[in-house]
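Protein sequences appear in the order of chains A and B. Using my numbering, the first residue of the first sequence is number 1, and each one after it goes up by one. Using my numbering, the first residue of the second sequence is number 119, and each one after it goes up by one.
Hints listed in this document are in silico derivations from the structure and should not be mistaken for laboratory results. A couple of the hints might just be wrong.
Distance ranges between label pairs, derived from CB positions [stated by the list, open to error]:
| no. | chain 1 | residue 1 | chain 2 | residue 2 | range |
| --- | --- | --- | --- | --- | --- |
| 1 | B | Thr359 | A | Ala92 | 50 to 56 Å |
| 2 | A | His47 | B | Pro364 | 36 to 42 Å |
| 3 | A | Asp83 | B | Tyr473 | 49 to 55 Å |
| 4 | A | Gly97 | B | Asp483 | 42 to 48 Å |
| 5 | A | Lys57 | B | Ala243 | 32 to 38 Å |
In silico contact screen, one side only, chain B against chain A (beta carbon under 7 Å); selected entries [said to hold, decoys possible]:
| no. | residue |
| --- | --- |
| 6 | Thr179 |
| 7 | Glu182 |
| 8 | Ser185 |
| 9 | Asn265 |
| 10 | Gly268 |
| 11 | Met270 |
Here a beta-carbon is modelled for each residue, glycine too, at the ideal position from N, C-alpha and C.
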Amino acid sequence: MEIRKMTCVVCPRGCSLEVTLDGERIVSVTGNTCKRGVAYAEAEILHPERMLTTTVKVTNRRYMMPVRTRTAIPKDKLFAAMDVLMQTRIEAPVKIGDVIVSDLCGTGVDVVAAESMA
Amino acid sequence: MEKRSVVVIGGGPAGLAAAIAAKENGCDDVLILERDSNVGGILQQCIHAGFGLHIFGEELTGPEYASRFHEQVDALGIEYKCDTMVLDISADRVVTAVNTKDGVIQIEAGAIVLAMGCRERSRGAVGIGGTRPAGIYTAGTAQRFVNIEGYMPGKKIVILGSGDIGLIMARRMTLEGAEVKMVLEVMPYSGGLKRNIVQCLDDFGIPLRLSHTVVEVRGRERVEGVVVAQVDEKRQPIPETFEYVPCDTLLLSVGLIPENELSAAADIDINRVTNGPFVDQSMMTHTPGIFACGNVVHVHDLVDFVTIESRLAGRGAAQFALGQRKESGHTLDVKPGFGVRYVVPSTIDPSALHYDEKFLFRVGDVYRNMILEVKNDGEVVYSKRVMQAAPGEMESVEITKQLAEKLTGSTVEIGLRPADAK
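With the rest of the complex left out, here is chain A (with noise of 0.2 Å):
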């Protein structure tokens, strides 16, 4: 058995949950005061995910473009995420919401830009 402290991120209560483990299989979670720390505790078990916001350059820009992953994609692909994007060059102009990079990483999720440059 393994037992995993984490903080509650759900409201601003921020609950120390201590999350008991037997390999991949939860045993129980204490220290949340609503059941939505379970449902927490278990999706960041299971399968965490985060958003992944970033900038590209604009080769005919003198500023970065902001752009986000437009869903969350698992934690442990940020790195690399981050590799692709780094690497990726994109021409102004480019509007809000437009594709940047698709199915990154092998994710299923695109990468749209957070602004529109003219």
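Could you slot chain B onto chain A? The hints should help.
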């Protein structure tokens, strides 16, 4: 002299929301003055997600959040002048500004909305000893370098201050390939949101050292390292705990100060706790016709609340400019009680309310299991349970019609008391 019904100073989230509200409340010649080359304010460099949950019910990045308001400003035909620096405002509402196209301009405003935001506290303000090499930045400056200009300020980073900008930059620098050695916080708790501590530090194994500070910067041309130390309960460094940490960059996230140079010049009364103007329920300062909203009044953690507050200011400014402002003559002073540092607004006229206003306040320490009480001349007229409150998270009480009807005295006090005490 050019005349405008409402002039908004600053085109960040506060200014944009105020201008939109002023237009929607009947002012057709609203003008926004912005010193940067584009509107959107500091949101333009806040490329992380998490904005807009309250207002749009979805998580937007800063530029996306700003775009929504920028588009609305354009759709409503609201005029704005960028690259325009306001030099002076007077108590009788004459705005003096300058840009390279118009030269010096003077505008007579029916009402003014101050929306200049805030600036970062810098190294001098926290008094760190040692040398003065390159490599010391405020976190927001580093954020602009990385996110807009596309430069990395360094490779081995120590961050002083665990406010949200410091936390966000810890993650950002890590993703861009830098090594963030640690985040230091002089207080025994973090000033940032819990979610940011988890997703910006814990996710990347960056240590957060509470009750720690930087006592010395070392390096001649460039930062070579810093001496960090634990502090005692009086926030004094403990010599036995001094530790040298090699690094090439020190980022400071040590607080924000409302930008009130213009307000001070116009003799607007400033609250020494918030460093922002005193305002009433409509966000009007003590100077008639001059309103204020957003971080120029008090520093917010969530832009959504800036937007909500700024709509009140825009509406108030429009009503003032159109001669529709209501005043009953009965106003109450709003005062912070136990555990509360300040309350916005600082005065309230119950009969002039629209019932979408809120008491916004911050507590002075970390409190658990408390009762929040609103008192009218010492008598409790509203209370609610507060499971947890911390200085880093702004609290609010909605001023409903029901609550407003009980505000009949001369003072409203908002304070905490322990839930288990009578």
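Do the hints match the structure? See the list:
no.	hint	in the structure
1	B:Thr359 with A:Ala92: 50 to 56 Å	51 Å, holds
2	A:His47 with B:Pro364: 36 to 42 Å	38 Å, holds
3	A:Asp83 with B:Tyr473: 49 to 55 Å	52 Å, holds
4	A:Gly97 with B:Asp483: 42 to 48 Å	44 Å, holds
5	A:Lys57 with B:Ala243: 32 to 38 Å	35 Å, holds
6	Thr179	4 Å, holds
7	Glu182	5 Å, holds
8	Ser185	6 Å, holds
9	Asn265	6 Å, holds
10	Gly268	4 Å, holds
11	Met270	11 Å, violated
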